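K.L.:
Throw the hints in and build the complete structure from the sequences for me.
If you want the numbering used here, it's the position in the sequence shown, counting the first as 1, plus 29.
Worth flagging that the hints you see were computed from the coordinates, not collected in a lab. Warning: the hint list may mix true and false statements.
Stated by the list, open to error - Pair ranges (Cβ atoms, derived):
#, residue 1, residue 2, range
1, Asp112, Val150, 40 to 46 Å
2, Asp69, Arg117, 20 to 26 Å
3, Arg147, Pro100, 34 to 40 Å
4, Ser141, Glu66, 32 to 38 Å
5, Leu128, Glu86, 40 to 46 Å
All figures in this text were calculated on a predicted structure; none of them were measured in a lab. Heads up, the beta-carbon is just placed ideally off N, CA and C, and yes, glycines get one too.
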Amino acid sequence: MVLSGVQERLAPWLAPTLAPVLSPWTSWLFPRRVYLEIQDRALTALALDGGAVAWSETLPLPEGVLQGGHPQEGEALGDLLGDWLIERGYAGARLRAVLPWRASGWRLLQWSASAPDRPLVDLLP
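P.N.:
Encoded structure:
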């Protein structure tokens with residue numbers, strides 16, 4: 030089922046008085062996504078609205094909250110993250126954790142002959 034563009038097509042038909050009633054349903058049907066980059070010293074969030082950046086912010090973390098990517102105070106970190114998202118209006122958003130840009134990279138692979146039958150299996154250890 031494709032729901033792309035449904036909100037935009039229904040907007041002229043929905044009166045502003047119906048918006049508060051339908052808001053919980055639209056946020057459930059069309060959840061906003063927040064991409065979260067987790068580093069030892071900061072959390073960086075990015076939310077997109079279509080192709081445009083709707084929100085981007087870096088939240089510095091106290092030293093020792095994360096060490097080597099592992100939370101030392103998991104409950105406190107969860108509370109901090111939840112409060113931050115609520116304050117910015119992203120309660121109920123779907124979170125996706127992404128790798129820090131230094132931990133990832135793109136590579137273009139060219140096979141010497143024809144591509145193998147199972148290229149990913151051959152590449153991964």
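K.L.:
With 34 to 40 Å as the target window, see if Arg147 and Pro100 comply at their CB atoms.
P.N.:
Between Arg147 and Pro100, where Cβ atoms are some 37 Å apart, the hint holds.
K.L.:
Taking the CB of Asp112 and the CB of Val150, does the distance hold inside 40 to 46 Å?
P.N.:
44 Å, holds
K.L.:
Using the beta carbons of Ser141 and Glu66, state whether their distance is inside 32 to 38 Å or not.
P.N.:
36 Å, holds
K.L.:
Do Asp69 and Arg117 keep their Cβ atoms within the hinted range of 20 to 26 Å?
P.N.:
22 Å, holds
K.L.:
Quick one: are Leu128 and Glu86 within 40 to 46 Å, going by C-beta?
P.N.:
Check failed, 19 Å falls outside 40 to 46 Å.
Going through the hint list in order, the structure does not satisfy hint 5, though it satisfies all others.
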